[in-house]
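Sequences listed follow chains A and B, in order. Those letters in the first sequence? Residues 0 to 390, by numbering that gives the first Met the number 0. Those letters in the second sequence? Residues 0 to 134, by numbering that gives the first Met the number 0.
Please keep in mind that the hints were generated in silico from the structure rather than gathered at the bench. Treat the hints with care, since some could be wrong.
According to the in silico footprint, chain A covers these stretches of chain B (three or more CB under 8 Å from chain A) [what the hints assert, rightly or not]:
hint : segment
1    : 16-26
2    : 52-59
3    : 62-75
4    : 78-87
Since this is a predicted model, take the numbers as computed values, not measurements. For every residue, glycine included, the Cβ atom is placed at its ideal position computed from N, Cα and C.
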Amino acid sequence: MPTTNCAITGLGLTDVGKVYGKSAGQFAAEAVRRAVSDAGLSTGDIDGLLVMSGLAKGVNLDLAGTLGLSNLGLLAQMNVYGATVGAMIEYASLAIATGNVSVVACVFADAPLRPDTTGGAAWSEYTTRGARRGLPGLRAAIGLSSPTAHYALAARRHMSEYGTTSEQFGAVAVAQRQWAQHNPQAQFRGPISIEDHQRSRIISDPLHLLDCCLVSNGGAAIIVTSAERARDLRQPPAYIWGWGQGHPGHGWEQGSQFGLTTGAVQSGRAAMKMAGVTPADVSIREIYDCYTYTVLVTLEDYGFCAKGEAGPLAESGALGPGGALPTNTGGGQLSAYYLVGMTPLIEAVTQARGHGNERQIADNSMILASGNGGILSHHSTVLLSPELPAI
Amino acid sequence: MKIPIVERDDRSAPFFDAAARRRLVIKRCQNCAVYGPPRQRHCGRCGAEMTWSRASGEARLVTWTASPAKKGDESETRFGYVELAEGPWLETLLVDLPIDGHLAGTPMHVTFLHPDGGESVPAFTANTSRLAGDQ
Numbered sequence: 000m001p002t003t004n005c006a007i008t009g010l011g012l013t014d015v016g017k018v019y020g021k022s023a024g025q026f027a028a029e030a031v032r033r034a035v036s037d038a039g040l041s042t043g044d045i046d047g048l049l050v051m052s053g054l055a056k057g058v059n060l061d062l063a064g065t066l067g068l069s070n071l072g073l074l075a076q077m078n079v080y081g082a083t084v085g086a087m088i089e090y091a092s093l094a095i096a097t098g099n100v101s102v103v104a105c106v107f108a109d110a111p112l113r114p115d116t117t118g119g120a121a122w123s124e125y126t127t128r129g130a131r132r133g134l135p136g137l138r139a140a141i142g143l144s145s146p147t148a149h150y151a152l153a154a155r156r157h158m159s160e161y162g163t164t165s166e167q168f169g170a171v172a173v174a175q176r177q178w179a180q181h182n183p184q185a186q187f188r189g190p191i192s193i194e195d196h197q198r199s200r201i202i203s204d205p206l207h208l209l210d211c212c213l214v215s216n217g218g219a220a221i222i223v224t225s226a227e228r229a230r231d232l233r234q235p236p237a238y239i240w241g242w243g244q245g246h247p248g249h250g251w252e253q254g255s256q257f258g259l260t261t262g263a264v265q266s267g268r269a270a271m272k273m274a275g276v277t278p279a280d281v282s283i284r285e286i287y288d289c290y291t292y293t294v295l296v297t298l299e300d301y302g303f304c305a306k307g308e309a310g311p312l313a314e315s316g317a318l319g320p321g322g323a324l325p326t327n328t329g330g331g332q333l334s335a336y337y338l339v340g341m342t343p344l345i346e347a348v349t350q351a352r353g354h355g356n357e358r359q360i361a362d363n364s365m366i367l368a369s370g371n372g373g374i375l376s377h378h379s380t381v382l383l384s385p386e387l388p389a390i
Numbered sequence: 000m001k002i003p004i005v006e007r008d009d010r011s012a013p014f015f016d017a018a019a020r021r022r023l024v025i026k027r028c029q030n031c032a033v034y035g036p037p038r039q040r041h042c043g044r045c046g047a048e049m050t051w052s053r054a055s056g057e058a059r060l061v062t063w064t065a066s067p068a069k070k071g072d073e074s075e076t077r078f079g080y081v082e083l084a085e086g087p088w089l090e091t092l093l094v095d096l097p098i099d100g101h102l103a104g105t106p107m108h109v110t111f112l113h114p115d116g117g118e119s120v121p122a123f124t125a126n127t128s129r130l131a132g133d134q
């Protein structure tokens with residue numbers, strides 16, 4: 000299937016991180032207003048709106064009213080967990096290709112942090128609610144209540160099977176912090192070492208604090224239009240070359256691939272087939288990084304290296320500044336900010352525009368952004384380029 | 000280690016009744032005889048209702064993690080997935096699992112915890128001498 004010939008033409012990012020006093024809905028409205036302004040459009044031009052809530056909820060269909068939109072031919076609240084942003088771009092592009100709508104805003108916002116709690120505590124409030132009753136209660140009571148515990152089990156399996164080490168996870172954290180130093184929007188920019196990673200406290204063995212993504216308040220929005228319309232707008236278009244989803248539905252039984260492979264296999268294959276490219280053609284990778292481990296397993300699943308070789312690849316310095324496979328060039332969710340799938344996507348668009356300043360990659364001809372959610376159950380891939388796809 | 004305190008509900012009553020008698024029960028399809036984890040209600044293959052069935056209690060370690068000890072805990076809490084001899088994976092507490100040296104594939108055996116104020120629950124251990132007397 001050829002691509003739909005659409006582009007991402009507006010970016011809107013609010014202040015992110017420990018930003019208090021605004022609800023998720025307010026962040027969402029601000030992000031959309033910034034995105035339309037960035038594109039050189041006005042909110043009245045929006046005729047499609049796709050919204051996603053985070054932990055704090057509050058981003059819903061009411062946003063249309065908040066923004067005063069009265070011309071919507073497409074409106075939905077979506078949730079594919081961390082894979083949502085890629086799926087939003089897919090559905091926005093398909094809707095635009097039919098001609099029913101022409102300017103679709105996609106937005107995510109969340110506000111779980113409060114001034115008096117740590118990020119981890121803020122998360123726990125949302126993930127460990129509910130009585131310890133029955134079999135679901137047993138699952139929570141033994142410790143399987145946090146995403147970090149699940150990812151620790153996945154990471155441990157990868158280590159057992161392929162010999163991946165904690166220091167190799169640390170190499171991902173170090174490389175992304177190096178990138179974050181050049182991203183003024185990053186929450187954490189101070190350099191870290193492998194030793195710092197190893198000394199950071201254990202959250203769920205084998206995952207240390209510096210293996211885990213941040214918790215952020217804030218909102219991000221993008222504007223999707225036809226390629227034709229994007230050409231005449233204010234910003235350089237990031238043309239959408241391909242997309243894909245993958246929902247592997249890991250069985251919890253003999254033969255399960257949990258921790259070893261992810262939906263990136265299927266979603267990457269689909270996106271690359273649509274774009275007519277191979278992993279060797281991808282010059283920049285923005286990989287969904289809820290944990291350092293996720294970056295490694297996803298790189299393998301996309302085919303950037305063989306199974307089990309992502310750990311040594313990270314250790315070689317290939318992912319960081321000056322490396323052969325620049326990955327998560329804005330610092331990602333580990334060091335910059337955590338806005339679910341918007342974090343990799345926004346950096347992908349920034350690189351496609353050539354607006355990365357000190358962190359800009361010279362060859363931005365093909366950029367991959369990934370989304371992953373539901374404890375490795377859902378995956379999305381988007382391929383972007385500053386060049387128009389050949390149709 | 001944190002001892003899990005869990006209340007039963009109607010659906011889980013047979014599981015906890017069995018655990019109190021030091022038996023592990025899982026689900027089995029009435030139609031095609033495949034096993035499933037305790038929470039599964041319908042067979043993934045044929046859709047038939049699954050019923051409780053006793054498991055051997057033999058398993059192998061798939062993967063594990065540990066939560067650091069919190070205030071009041073004597074030690075960290077280890078838990079993970081074991082693959083039962085019948086095929087399904089079970090999420091479980093892991094007891095007497097040494098810090099190092101136990102990797103995927105380690106043979107594990109069911110044991111039972113009988114906490115005050117909560118239902119009996121299964122756990123898995125690599126220590127065969129533990130089987131004589133549960134906690």
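A quick look at each hint next to the structure:
1. 16-26: Check failed, 0 qualifying residues.
2. 52-59: Not satisfied, violated; 0 residues make the cut.
3. 62-75: holds (count 7)
4. 78-87: holds (count 6)
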